[in-house]
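Listed below are the residues making up each chain.
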Amino acid sequence: MAKVVLPDNFAVATQGVRELETRAECYRDLVFELKNRWPELAELLEQSAVAIDGQIYQDALLEPIDVDSEVFFMARIEGG
Amino acid sequence: MAEAIQNEQEFKQIGSRPVRPDGVDKVTGRAQFGADLILPNMIHGKVLRSPHAHAKIIKIDTTQALAIPGVHAVVTGADFPSVEGGEVGGEGGGSMGDVSKNVMARDKVLYHGHAVAAVAAASPNLANDALDAIHVEYEELEPILDVVRAMASDAPLVDEHNYTNLPEKPEHPSNIANIGKLARGNVEEGFERADVIIEREYRVPMAHQGYIEPHACVASIDETGRGSVWCCTQGHFEFRNATATILGKDIADLKFIASEIGGGFGGKTVVYLEPLAVLLSEKSGRPVKMQMSREEVFRATGPSSGTVTRVKVGLQNDGTITAASAWAAFEAGAFAGAPHMPGIMSIYAPYEIENFEVEAFDVLVNKPKVAAYRAPGAPQTMHAFECALDEAALALDMDPIDLRLVNAADEGTQAPYGPKFPPIGFKACLEVAKQHPNYTAPLPDGAGRGVAAGFWFNIGMQSSAEININENGTVMVIEGSPDIGGSRASMCLMAAETLGVDYEKVRAQVGDTESTGFCNVTGGSRTTFATGMAVTQACEDVISECKQRAAMTWGLDSEQVEWEDGHAVPGPGVNADVKPLSLADLAGSAAKTGGPIQGRASVNAQGAGASFSVNFADIAVDRETGKVDVLRYTAIQDAGKAIHPSYVEGQMQGGAAQGIGWALNEEYIFDERGVLENPGFLDYRIPVASDLPMIDTHIVEVPNPSHPYGVRGVGETPIVAPLATCANAVSRSLGQRMTNLPLSPPNILAELDD
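Here the protein sequences line up with chains G and D, keeping their order. By the working numbering, the letter at position 77 of the first sequence is numbered 77, and the numbering carries on one by one without gaps. By the working numbering, the letter at position 488 of the second sequence is numbered 568, and the numbering carries on one by one without gaps.
Just chain G, same shape as in the assembly (with noise of 0.2 Å):
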């Protein structure tokens, strides 16, 4: 099952959970997972961008997440 990483500021909403394993094929079914449930992290979900596979996506929606990847979700980061 592939490794999902979340980050500090969702350990409140997860219980202190910080990793979990997932079969969700993409991350819209991931999202889907966790908002079930932790529907309390589904704002931070907005607010993040997500790493699969070490590809940083702002906004992500059916990149697939395939059974040995590893999902790290992070702070979005725009720039200057």
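Keep in mind that the hints are not guaranteed to be accurate.
Unchecked claim - Computed list of lysine-lysine pairs in DSS-like fashion (alpha-carbon distance at most 25 Å, straight line):
1) Lys-261(D) / Lys-35(G)
2) Lys-106(D) / Lys-585(D)
3) Lys-3(G) / Lys-35(G)
4) Lys-500(D) / Lys-3(G)
5) Lys-392(D) / Lys-507(D)
6) Lys-3(G) / Lys-261(D)
7) Lys-363(D) / Lys-329(D)
8) Lys-659(D) / Lys-672(D)
9) Lys-249(D) / Lys-35(G)
10) Lys-92(D) / Lys-659(D)
11) Lys-363(D) / Lys-139(D)
Said to hold, decoys possible - Footprint (simulated), chain D over chain G, 3 or more residues, beta carbon under 8 Å:
12) 8-16
13) 54-65
14) 68-77
Hints were generated in silico from the structure; no laboratory data involved. All C-beta atoms in this analysis are idealised placements derived from N, C-alpha and C, irrespective of residue type, glycine included.
Model the placement of chain D on the given structure of chain G, informed by the hints.
Okay, now just chain D, sitting in the frame of chain G:
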């Protein structure tokens, strides 16, 4: 995912150095900047600004101002609707409600220079008379100016309604708006394994982006509330959205046109004048021009955050970093939104560190609201860590580049902010630096040689592009990204390369908000990457259309036609006795094959590639006067692929010059009441040509596999390394660690006296 073209020999246009399309107009004065537009019946807007850093507004009386003949309109906070929700993009953005209150104060002024009223009058002098005739009654409050003091529970509050953004709302308001943390491994255990530990506190001052062109705009709004705004901006689409949101308008009622821009560096991603000009134009029924003075630019537009950063780093005798911890306080200015998160995500980014932690705070103070400034947050935190590493190298008697090579991140390294790095060029930059003739050259007598690394994430985001093929086969590129650093030339080069035509056959134009699709700001080092991706895809759309037109002409299927070197040709094995058709041939016969040839693309570009740099400098210090002389400066950076190498070098040199200025002289100086004492270039000293040597550059090219031509983006990374590079060189020259910037003569003399 696009496949990068990695072999330089394959390129005919990319990598060349043609003259930029806007160059002649800019050097002859023909180019139209924000303040250059004049419209019939135009009047002039001015802003009344707070003389206090922190005060309640008791009363504003505009009666006498409005009674002056020739004064057409006055606006105050009472003219603005309440704005709920909405986030402004970019570091230093914050909520749209806060942006509205920054554009015009409501019940309190929060910094010296905060706008309290605006007028429009027949002439600039009359507008100034009107400002003098506005009477504002204030109740002064104690300002809070020191970021560490502002974090205390008993500090005066900038905003009594600000509560630290925590999962559970705190009981009491605070000047701390947000807190960010990153951690991995076991820091305590890491420090126990260390042979050497360096622990210090570093300070970086609030500094301005220092663009030469002050903010300026013209708004012309008709009696229905619709109209146009011409402005100097890094993103006219986002300026339209912000202005419409602040004023409660429909974005479709406002057309924004980007003028040429005389520098932005992140500071022109935020609206200041545009909503005021729209309101004044609407009230007066006349076009209104507004432009800031230099003093207004300093007092009221976004500087970078001043910071205090505490770093502790432990290393083994071979240079391996065993643990690192850091704490950073970022000045947000009067409203929340300091770049504390990119600051902590950057601090350790060039290195593979098993055990680390970092915590940063976004803190309100009675100073101008910060805005993005090239790689926002990274120069401040990386200054601290890169200085600590330099001190560690001295303690371990190691070459500072060798120490960095021992710990350097590479492809597959888990970045401190989460994911594993794809191919990156940090080690390549270090290797180039180590062999560089400026590094192997002997050190001049009395000078110190400083080394530091830089990093920025780079971003993609949304861009649109259209390609129109003229009747003679010349190419018109229309994009929505304001050209700050030569991007039109880069777009033309990518279009020429993709279509297989000469650069001279391609023109590029920045479209207004009604003539091209949405584009995010020119910022985040995204334009050559993301808008370049849109231009490349739009060209591929043109090629697809051309192949269909050629197939139609030859009686073939479009799959039987290929595009080679700017011509449609029959594919391999296709038996057709035809002559290749050039873009000009196909454009000339377009009327017979379906009309004008166009291509378009819109992207939300993903896969931006991180860019790393290594800088080193030889710097001498006069111990009697404190004068610092930069004798030699070298900047090395991974650009992915340099589309137009001269403009990549220009970004590296410009970023180095700005970073050197921040390190050596630039700082906001406030008195104890929060009054800015140096709002001009005489007292706020940016480097001039005679202050700097030629900045030597070396472009490393490790292609970004996610871009069709390997582009990473180059605009932000160059400012990151110079702060620590200069501090390390000065420290080595003096034989004394200098932790607080700027390293100006009075500050150096004070440190030496201590």
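Structure-based check of all given hints:
| no. | hint | result |
| --- | --- | --- |
| 1 | Lys-261(D) / Lys-35(G) | holds, 23 Å |
| 2 | Lys-106(D) / Lys-585(D) | holds, 21 Å |
| 3 | Lys-3(G) / Lys-35(G) | holds, 17 Å |
| 4 | Lys-500(D) / Lys-3(G) | holds, 13 Å |
| 5 | Lys-392(D) / Lys-507(D) | holds, 24 Å |
| 6 | Lys-3(G) / Lys-261(D) | holds, 21 Å |
| 7 | Lys-363(D) / Lys-329(D) | holds, 15 Å |
| 8 | Lys-659(D) / Lys-672(D) | holds, 18 Å |
| 9 | Lys-249(D) / Lys-35(G) | holds, 22 Å |
| 10 | Lys-92(D) / Lys-659(D) | holds, 23 Å |
| 11 | Lys-363(D) / Lys-139(D) | holds, 22 Å |
| 12 | 8-16 | holds (count 4) |
| 13 | 54-65 | holds (count 8) |
| 14 | 68-77 | holds (count 6) |
When each numbered hint is compared with the structure, no violation occurs for any of them.
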